[in-house]
Structures are given as C-alpha cells and as structure tokens.
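Protein sequence lines, in the order shown, are assigned to chains A and B. Going by the working numbering, the first sequence opens with residue 1, and the numbers climb by one from there. Going by the working numbering, the second sequence opens with residue 1001, and the numbers climb by one from there.
If you are wondering where the hints come from, they were derived from the structure by calculation, not from laboratory data. Accuracy of the hints is not assured; some may be wrong.
What the hints assert, rightly or not - Computed from the model, here is a short list of chain A residues facing chain B with C-beta under 7 Å: (1) I28; (2) T121; (3) A171; (4) Q376.
Stated by the list, open to error - Partial chain A-side listing against chain B, Cβ under 10 Å, derived: (5) D6; (6) Y185; (7) Q380.
Predicted, not measured: the structure shown is a model, and the values here were computed from it. Ideal Cβ positions, reconstructed from N, Cα and C, are used throughout, including at glycine.
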Amino acid sequence: MSHLIDTFGAFVDRQAPAHPVRARRLLIAAYEAKKWQMRLAPDRGLPPSKRELCLIMMQSILDCLRRPEHSAMVSLFVPCEPLTALGVHPYSVEGLSCYLTGAGAYRAFLDHTVEDGVPETLCSYHRVFLGAAGMHVMPAPRFVLHTNLACDANQLTFRNLAGRFHIPDFAVDVPFAHSEEAVRYVAEQLRKMVRFIEDCSGQKLPEEALRAAVGRSARTAKNYRRYLSLQNDHWLSGDVTSELYAAFMNHVLLGTPQVERFSQMCLEDVQNAPPRSGLNLLWLHTIPFWQQPVRQRLNFSDRVRIAACDMSYEGLVHMDASKPYESMAARMVYSGFNGSAEYRVKAALQAARTVGADGVVYFCHWGCKATLGAAQMVKQSLEAAGFPTLILDGDGCDPGNSSDGQVSTRLDAFLELLEARNS
Amino acid sequence: MIYTICKYTPTELLASFGQTCTVLDRIPECFDRAEQTAHPNLCGFGKSVLEAVLSGGVRELVLVNCCDTIRRVYDVLQRTGACDFLFLMDLPHEACGCSRALLTGELNRLLNTYATYSGMEFSLPKFQAAFRTNAKNCGPYVGILGVRVGRDLERMMARCFSLPVRNLTCTQGRCLNGDSVRAAGTLESALDAYAAELLHQVPCRRMDDETARQALYRDPDLRGIVYHTIKFCDFYGFEYAEIRRQMDVPILKVETDYTRQSQGQILTRLEAFSETVSGPAPETGGSKLPTEGVFFVAGIDSGSTSTDVVILNQDKKIVGTSIVPTGAGASAGAEKSLEAALRSAGLRQDQLARTVATGYGRANLGGGLEQSVTEITCHARGAFFLNPKIRTIIDIGGQDSKVIRIDGTGHVINFVMNDKCAAGTGRFLEMMARTLGMGLEEMSRTGLTCREDITISSMCTVFAESEVVSLVAQNKDVSDIVHGLNKSVAAKTAALAARLGMEGDYCMTGGVAKNAGVVKALEEKLGVSLFISDEAQLCGALGAALLAFDL
Ligand code: SF4
Ligand code: SF4
Ligand code: SF4
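One chain only, chain A, in its complex shape (with noise of 0.2 Å):
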C-alpha cells in the first residue's frame, strides 16, 4: 500500500475509538476527493468502461455512508432487484470493507472485533466490517437481507449486525441441491423477501418495475458474457481492482440502468481492443486488489492480465423477466458458489476454455472455508483438462494474514511457468 494512503488509514484508525463520526466523515471525505479524481483526472490506462466502473461503485459506497436511512445492508449474493426498483440503495458489506482496506482504515477495526470476541477465523471481509460497525463508524442502514449463499461468514455476520443496529433482518434460505425444486423453494422466499422489503420502506413494488428491472439483469448477464467470450483473442488492459469490483457490480447493482450500460460499454471496449498479446489469467475467487505485488504484476502490463473472474461472471445465467422470481432464485441456486464443489469445478472449466485461460490461479482467501476446501478438487481436475493452477494462499481484505514476499514469490515462479509452457 502506498504510503499516503497507509497515513490516513492510521488517521482515520486513531479518530475510529473517540470519534466514530469524525472517522466517518473523514473517509466520505476521501471517496468524495477521490471520485472527482476520477471524474476529472480519469486513470489513462483504464478503459472507458472501468473507469465508469469506478464511478458507480464509489457513488454507491459513498449513497450508504451518505444516506443509511435509504439503503438496505445486503450480502453479496441477494438478488438486489426489488431493493434498487424501489429505489433503496443496496448497502454492501463486502464492498465496504474493501473500501475500507483501500482507504489503509482497518487495523483499528480488526482490534476491535477481537476484543469483541469475533473468531479471528472469520472472512476479514466480515471482520473488518463487523469492527467498523462495533466503533459506530459504519452507520446503520434501514433493514438487512441476507443469505447463506456462498458462506457460513454470511449468516454469522449479519445476524449479528441486524442485533447490533436493532433493525429487521431477513434470510434466504438456499438449499444444497442444485434443482427446479429448489428454485420454486427459494422463488418463494424471494417472494416474502419482497413484502418484508415493502414493509420496512412502506412503498409498494410494482411488479412491472420488477420485471423491468430483472429485463436488464437479463441484457447484462448476455453482454458480460458475450464480452468474456471476447477476452479470448482481445488484449483489453485493465487493473486488479475494478476486475474485483464488477463483481459487486453483477451481484448488488445487477439490474441497474448503470449497470447494464456498464456491460454494453464492456462490449465495445473489448471490440475496439487489439488483439490479444499476452498471457490469459482466469482468477479463481477474490482478488488481494491491495497487495503491491499483485497489483505490480497484473495491473496494465502486457505481459499478463486476468481475462475472468469467477466473482463477477458466477451467477450471470439465463433470465427470463416475465418470470422475475424464478430468474433470481436460479441465479442463487445455479450459481457455481452453491452446493457441490464439483459444481464450482465445472464453472471455472467452462470459464477457462472460454477466455482461452493460460492458467488459472485459485485463491485461498484465509477464513474462506468453502473455498479452501475445494481447492485440491479444483486443481486436480483444471490440472487434468490441461489448465495449470497456481493454490495462492493469502486474504483478500487483511494485510496481516499475508506475506508480499510469498505471494511474489509464487505469483512470479507461476508466470515463469505459464511463459516457458507457452514458448
């Protein structure tokens, strides 16, 4: 992490435990500084689709701190269609927290959740979340919805947080088997989530608005994949950090008029793009978007790039919006996060044969048990089908739960690999 930002992280760290709201404002602050970097002194090597990309999420990151009272806290796989119909603003906890890593502001956070007895093995994403609220930093939104879709983390959490602000929590129930059975199961739900959701606003939704909104999640999902399947013989450079951020945008924002420009623009970016030069990356999970080693070796090079990451395209299946409920619930039930393993093991195979994947690297986030757990099967079979994989252990939001120098050392050891297999 870069210095400055390692300064204002401690800043931010030392105002958190005296002067939560002081800490608060002094982090809108920043996002607001930083999105009129970004408006006015657009990162040249983004294309323009990524730096749209940037905008809308640091606008939405910056409507729940702004705005609490409109936004409803969401775990990153609930379908946010009726949230965002209504108008209420998805309020992402996951975002946040890499908001919050990116800012350099989660030490304070994370101390603070082991003096509450939060188990250190808990996702840091929920950690430093979980931290953030506990010091009052974050502030409390209107209601929660959640699921236990793709982890434990998700029910543990923001149960928890629902307690800790006081306010209505529901959760959709995703059963193991993926079937028609257990779409009509969670379509159902899904149902009753959205009369929970017109209670708490007291605004009615109008299923026109629904389907509409399930309309252009169905267009975005086809443009993104359309757009994957470009990333095969197109060089598109890009950075790690809106690679990981578009999966908030197809998971929280999916359905959004902004978001379905965003795909279209995806499209036309990768069209215009000159044909592919370097080495394909599919990554597997989330991204360290922080880690200077990373970030040196996969931000704008010309040499590698993740073409595809399985959090920002998992759950972009057909949809049908005369059906609005049927389609979110398959987008829960077939997601490759739900059920079996094999499951998930079958997707990335899909992925890497359609970006023309050189190799695949599968990263153990540290407190991800779903994933953790998978990652010899995963391996062994992407391995088989001739894709090699790299395990990489380290976290996706904590810094303290990894080491640059290891994550170097295999990222580099895994490219020389990949160079001398393709030479």
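Using the hints, position chain B with the ligands against chain A.
This is chain B with the ligands only, laid out in the frame that chain A set:
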C-alpha cells in the same frame, strides 16, 4: 455401523433398517491426508473426518449439511469414493413450513437411497419403535456448550469438576420423544412429523432463529459453563461473547484444534476454572501446619523457562527465593531451585512444614508436595499480597499470556489465556529479537523511543518475522521496528484484557514484565499505569507459598 456427526441426523430412520449409528469421534495423530486433499485451514473436526475415512474403517457415513467445512469434506470424500455409503442430508436454516417440507424430502431421499444401497426394506413400525427418551437430569451441574467435544475432552472435563458435567454440544442433549411420529398412520405423515421434531430441537448456532438456545445458559441449575470452540470454526465464538456479556454464571472458553495437543494447558485452565466454580480442591490429607511457633512453607512455580521458589516464614515474610532455568526435567529443576532457595534462607528441607507447587510442571514434580494449585489461582494470590489494590493481573510468560480478574479478597473472578499461538508472548519477542540479531535485554531498552510509528500488521509469528525482515531491508530504524513489535504484543494483550472488561488497578507479572518497552506500550494502549513489583517474576511461587497457609 453407520457413522454420524450431528444431532439433526435421522438416526431413528436408519435404526429402522436394523443399523446402529455411532458418532464419528476419532482424534488422528496428524492431518496429512486431510491437508493433502483439502486445505490446512479447515477446522480440526472436519479434517479428522477426512482422516478417519481416508485411513479406512469408516464404510458408511451420513453427514448433515452443517457448514462450509462439512460441505467440502463431503465433496472430497465423494470424489475419493472411500465410503461404501456416503450421504449428505441438507438441513434448512429455519423451522417454518417450507423448510419442514424440504427436510421431509431429504428424509425420503435418504430412506430410498439407503434401501437401494443395502437391499433392505424399510419398516414403518420399526421406525416408530426406534425412539428412546432420555432420563431427565436435575440438580446443579456444569454445562459444556459451544461446538462438539470429543469423548477424551469430555472425560477430562468430567474429572475436573466435583459437580456433574452435561455435554450440550452438537452430538449430545438430543431428545426427540417420537409421539407425533408414532401417531402417524402413513409413511408420508410420519416423515413429516419426524422432520418437525428434528427441526424443533434446541437449535444449534447454524439455525437462523436461535432464541431457544437461551434455555441452555439461563438454566437456574447451571453453575458454570465450559464453552468449547474449535479453531477455524466460526459458528460459536459470537455466542460465547454474548453469554459473557449477558450472564453472571462463570464461563471458561476452551479452544482446541481437535487434536491431543495442548492437553496440558487445557487441563490447567479447567482446574483453575473448577477452583473458581467451587473453590480449590479439598485437602488431600497432607501434614498439618503448626498453629504457633516458628515454621516455614515453600511455593514452587515450575514454569516452562524457569522454576521459581519462594519460602515464607510463619508471618508470611519472604525468607528465601530462587529462580533457576527449568532445564530438561521439571522435577530436577524443582529440586535445584528448592535447594537454592533453602540455601538462601539458611534452612534444610525438613524444616519446611508444607510445600505447594504450581506451574506447567506441577503435576510432574516428585514426592514431598502436599498440594498442587494452578498458576492462575497462585498468580492472583501473589499479586494481591504484593498490592491489595490490584484487580487485574496481566501475566506474560514465555509460552503464554493471561489476564486474571480478582475481587477485593484476592479471589479469581475470571481469567483468559491466549490460545496456542505464540503471538503476544515472550516467545514471540524472543524470536523477533533473534531475527533482529539482538538480545532480549537490549531489545527492552531499544523500543523505548521511536521516530517513526511503525505498525506490524501480522499477528502470526511467521508473517511478522517476514515483515520485520522486509522492514530491515527498507533500512528502517531498529528502535522503530522494536517499538512496532512492542505495540503488537500490547495490542494482543489489550484485546485479551478487553475480553474480561477493564477494571483497575493493574499489575503485570511474568518474564515480559521486565521488558520496559512492552510495559510502556501496554500502558499506552490500556491507558493505565501498571504496578510492577520487584518480585514480579516470583508472583506465582509466592502465591503458592501463601496458599500453603490455607490448604
Ligand atoms: S470470501 Fe468466502 S467467507 Fe468471505 S464472504 Fe466471500 S464466500 Fe464468504
Ligand atoms: S453445528 Fe448444528 S448442524 Fe452442525 S454439527 Fe453441530 S448441531 Fe449439527
Ligand atoms: S467444528 Fe464447526 S466448522 Fe467444523 S464441522 Fe463442526 S460446525 Fe463445521
């Protein structure tokens, strides 16, 4: 024989096929196979299931879709084909109508799959006859809450308490009465009733609505709680914090990794906790202390690095002390240290009226000892004797660090200890000193001043070491690095202290109390000043000697 792991398993259904169900509880020697097929950072229980099956001997296994770990354990086992019959039963997170229908579907699936696999017929009357009601327990007890405990650990707990111990974790405390199942006329209605009974048990932490769990810790007969968690299992830590905040009942958190490692440390903590719940164990018939005249007692603290001895006279005045390295054997170390203390007091061993031992090695010291008491009770007693205003004791030794809260009479109210990891202990500082190529003494002085405020973000010793190496490579000032390390130890200790709630005055004991840099960082972090006695290192032995008067 069908192996199971959870109280939600439909064992009565399986029993109707004439099968016996047993809880899978094998503590492996190592986790090699599990780590090769999955990952090291899964909970020890999940890894033990992998080990048990992959090493053969578990042919039929019915799992419940409990958590991320069990899902992956199932996936890995499914691939290896190591079981003849492997089934994962999905379990909803709620107990509402739809969830009940989902579970009924799962029960049906299990029934059909097992019937096909075994070639056996399912019998409804046998199923209806398979329910057993457990005898009702009453009277005061110590409850084991939290996540599953293996049989070994449960036995160890039972031995430590004079009260009965009730295991209320994942695999125990199951009570289905079966009335609604027996009343059902068809298989369909029987399974539906069964699903409802299964879902209406006292919920575990995996369930969305866990309000009914309060019955577990709001029971008036409950005298103490041993709260068990397993490393890398996140379900239960939150509840422990919750209970501690809400309830006055004494509670001890024990974290294991589902191996036999650290049994010694766990035993110390259980014994100390038992002393808190019901007072020190009664006298075992040792010699009587004289009621008048001149006599002497000794306390021996057999620690991992040093063995300390304090000799008191009848007026509780210190007449002799010694600190010697423990060396290879606890018992030889104790002998040497006792000899040295006797020499310094000018006494012979037969002049000691009573000797009390404490510390890790206390169980291994030879004869001549009347009593052994845990170092927690001893530290409390010693510190309180040195300064009666003390209410919180922070003890950082070589292997572990602990925080002890005492009341106005010097008795332990509560305590916490670090887990197995070295972070925040003397050992952490020793390793870092070695990395920096300096002695501990020098390190203690070096960290007092700093120009740049460096934060060492890794708590893990291995990562912290590589952070230190890279800071050195960046030409950072050594005193700034040491200052960062001191802050890291202080943060870890302060977090431990916060778990008990802050109450002054504070004192610090143990070897690290001699490290001026850490003391300063800790004072800053806690915002209090720490009382450090010249006898800080002898506190445990002093407490043991003082306890010789009471036992
Ligand atoms: S990284 Fe893993 S544990 Fe963390 S929120 Fe995502 S799926 Fe859950
Ligand atoms: S946590 Fe619940 S579901 Fe899991 S094993 Fe324990 S009782 Fe069963
Ligand atoms: S100990 Fe915890 S993580 Fe491990 S299998 Fe049981 S509930 Fe799951």
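Now for the hints, and whether the structure bears them out:
no. : hint : in the structure
1   : I28  : violated (24 Å)
2   : T121 : holds (5 Å)
3   : A171 : holds (5 Å)
4   : Q376 : holds (5 Å)
5   : D6   : holds (8 Å)
6   : Y185 : holds (6 Å)
7   : Q380 : holds (8 Å)
This entry does not satisfy hint 1, going by the numbered hints stated previously; all others are met.
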